[in-house]
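Here is what each chain is made of, one letter per residue.
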Amino acid sequence: MSTQATPLRKHERWLLGILVGPSALYLLVLFVIPLLIVLVYSFLTRGTYGQIVWEFTLQNYVRVFDPLYLGILWYSILMAGLNTLLCLLLSYPFAYHLARVGNARTRNVLLTLVMIPFWTNFLIRTYAWRVILGTDGPLNGALMALGVIEEPLSLLFNNGAVIVGLVYGYMPFMVLPLYAAIERIDFSLVEAANDLYANGRAAFLRVVLPLSMPGIVAGSILVFIPSLGTFVTTDLLGGSKTVMIGNLIQSQFLTSRDWPFGSAFSMLLMAAVLGATLFYFRKGGRTL
Amino acid sequence: MPHPSQQPAVELRDLIKQYVDPNGEVVAAVNQINLTIYDEEFFSLLGPSGCGKTTTLRMIAGLDVPTSGTITLFGEDVTDKPAYRRPVNTVFQRYALFPHMNIRDNVAFGLRMRSVPKDEIGDRVQAVLKLVRLEKMGDRRPSQLSGGQQQRVALARALVNEPEVLLLDEPLGALDLKLRQAMQEELKRIQQEVGICFIYVTHDQEEALTMSDRIAVMNDGNILQVDRPYDLYEEPKTRFVADFIGETNFINAVVMENEGDCTQVRLAGGQISHVDTEGKHLPKELPVTLAIRPEKIFVGVGERPQVLNVFEGIVKNIVYFGTDTYYDVALAGDVMITARQQNQDYTGTAATVAKDEPVYVAWRAHNASLLTE
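Here the protein sequences line up with chains W and G, keeping their order.
Note that the working numbering gives residue 216 to position 216 of the first sequence, counting from 1, and the numbers run on in steps of one.
Position in the second sequence (from 1) plus 1000 gives the number in the working numbering.
Source of the hints: derived by calculation from the structure; they are not laboratory data.
Source: prediction; values computed, not measured.
Yeah, the Cβ is synthetic: ideal placement off N, Cα and C, and Gly gets one too.
Hints are supplied without guarantee of correctness; some may be wrong.
Claimed, not checked - Quick list of simulated restraints, FRET-style, between CB atoms:
| id | chain 1 | residue 1 | chain 2 | residue 2 | range |
| --- | --- | --- | --- | --- | --- |
| 1 | W | Ile33 | G | Gly1122 | 31 to 39 angstroms |
| 2 | G | Pro1099 | W | Arg257 | 52 to 60 angstroms |
| 3 | G | Arg1141 | W | Leu278 | 22 to 30 angstroms |
| 4 | W | Gly275 | G | Asp1123 | 37 to 45 angstroms |
| 5 | G | Arg1013 | W | Gly200 | 22 to 30 angstroms |
| 6 | G | Tyr1230 | W | Val109 | 54 to 62 angstroms |
Stated by the list, open to error - Stretches of chain G that chain W covers, calculated by requiring three or more beta carbons in the stretch to come under 8 angstroms of a beta carbon on chain W:
| id | stretch |
| --- | --- |
| 7 | 1073-1086 |
| 8 | 1103-1115 |
With the hints as constraints, model all of the structure from the sequences given.
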């Protein structure tokens, strides 16, 4: 089962260096070093004019654990979690259908449809929702024309609008890993389950769903993590009270010019993501 | 009829399964077949790939829906019942074990689906794992087992439910020769131990012959012959059956005389051959095919044996197979005959006669048969 790692020969090590070197260098310069800078900054002090003062302090972390900020973190986790759940519920039937379509042409068309939104800038697509959900937007217009409502609904600048924007933006990240996982499932296993007295529902719950787990886990992580730190969607579609942790970090860096505090917050976000991911892997990992 | 039981387990009546192929044409996978399979019987569906045997099995399992016709299980019409309501279980060709469950959970699956009490599930799973000699493997995953072990898990997973009929779809196809032979014996032992009807799909004629009580030979969606193994082998009713099961010499002939139990036919070189047709007389001048198995033909030099069919020929080719040697002998009129002789006595050569040597070939009248289709 396990493959024994054999020591590399000299020319193989050389080749490995050439192949891995560029990406390792890229990650080091553009990922590891900036991350270390953020870590260091989070222990420094903000000067009067927003500059960094090289003075060690834990004050930033003390402030982070202020109930107000923890509330925002909790709210962000809830929103990201709800987004993940909705993406999963909406994507699964589609991904299942996609994986089971026999015709390769139809499948490619459907896959392209999933990816078409990526061709347009995320910001512009989110702006489009402002138009759609606006007081005199097409949705309100249609509902009024149909006589469903008398007055336009205020669909924008609330949690609902943020969730709509998030689900819209992140669904493809759920569909693709789900599709990949379901497509790999050997559906003769479903026949075996039917043969062993499982009706359609039981066969789905006990065979197809557990075997989709790798896709569910991958898709959930791909959706949960970026939506936890999002700030564009909340900025454009959320109201003044809808502040997620991403907005908070953004404002610390850009508005308040308190880089050390923003850095401490970023570290907290990373810790939250790491914790959630580990928890999720442990939960889902059993069936992988 | 020497069936293990007289109780019909599975009855297929006018069963048809049609598909629409990618070109939009209707193709019959199973072409109006009728079949009765008895309880406690080891029954094989034998035929080349695409002959409809697997489709037939899947219709009995409820995994394929027949286009028309009926399927009856122990007197009950189950044609419209879904697979999960039929008292049959299947051993799938590539086992289809659930990769996310250990062996015990795989085997317990059917019992859990039918809400069997927990204690009883544990006992029954353990008992059936013992039956297939895997009692120590319960905690492993399917991927940690060898092909032969996976095959036995698939068998246990089906048998634990105590089905009325067990369906097996080429279950030994993925195993190597030695393991396959061992599993053949094992399957036969288990079938006799549990005493239920096994329906076994295979394209391997040897497998079918060694294990089955009866065999149905299928081709192109039709059942050509249903018989006990030795009847099938010794008295094939069609050229296809004679050709598919074992090896056969097919010699074009024309009917000359019917005389007592025997029919005389004329071969291409003018030779007269006697065939025991058990008194079934054929019209004169009817073109027929004389079928004779290679191992029924004796090749020799010197003194002629006292049998009705003895012909002169020249050895054209000799192929040595270890246990046997094959001799291709050309008779007058370019009639080619292959004879197979067991190498009972090793005399320092691969063959008892040499190539290009004149020999005689001989066979008894009752070992040949005449085929008209």
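Q: Could you say whether the range 52 to 60 angstroms given as a hint is met by the Cβ separation of Pro1099 (chain G) and Arg257 (chain W)?
A: holds, 55 angstroms
Q: Would you check chain W against the stretch 1103-1115 of chain G, counting CB to CB pairs closer than 8 angstroms, and say if three or more residues qualify?
A: holds (count 4)
Q.
Within 22 to 30 angstroms: is that where the Cβ-Cβ distance between Arg1141 (chain G) and Leu278 (chain W) falls?
A. The hint (22 to 30 angstroms, Cβ to Cβ) holds, given that Arg1141 (chain G) and Leu278 (chain W) are roughly 24 angstroms apart.
(Q) Tell me if the beta carbons of Ile33 (chain W) and Gly1122 (chain G) are separated by a distance inside 31 to 39 angstroms. (A) Given about 58 angstroms between the Cβ atoms, the range is violated.
Q: Hint says 22 to 30 angstroms; check whether the CB-CB distance for Arg1013 (chain G) and Gly200 (chain W) agrees.
A: About 28 angstroms separates the Cβ atoms of Arg1013 (chain G) and Gly200 (chain W), which means 22 to 30 angstroms holds.
Q. Does the Cβ distance between Gly275 (chain W) and Asp1123 (chain G) fall inside 37 to 45 angstroms?
A. 44 angstroms Cβ-Cβ, so the 37 to 45 angstroms window holds.
(Q) Three residues or more, CB to CB closer than 8 angstroms: is that satisfied between the stretch 1073-1086 of chain G and chain W? (A) Check passed, 4 qualifying residues.
**Q.** Assessment of proposed distance window 54 to 62 angstroms (beta carbons of Tyr1230 (chain G), Val109 (chain W))
**A.** For Val109 (chain W) against Tyr1230 (chain G), whose Cβ atoms are near 58 angstroms apart, the range 54 to 62 angstroms holds.
Violated hints amount to a single one, hint 1; each of the other numbered hints is respected by the structure.
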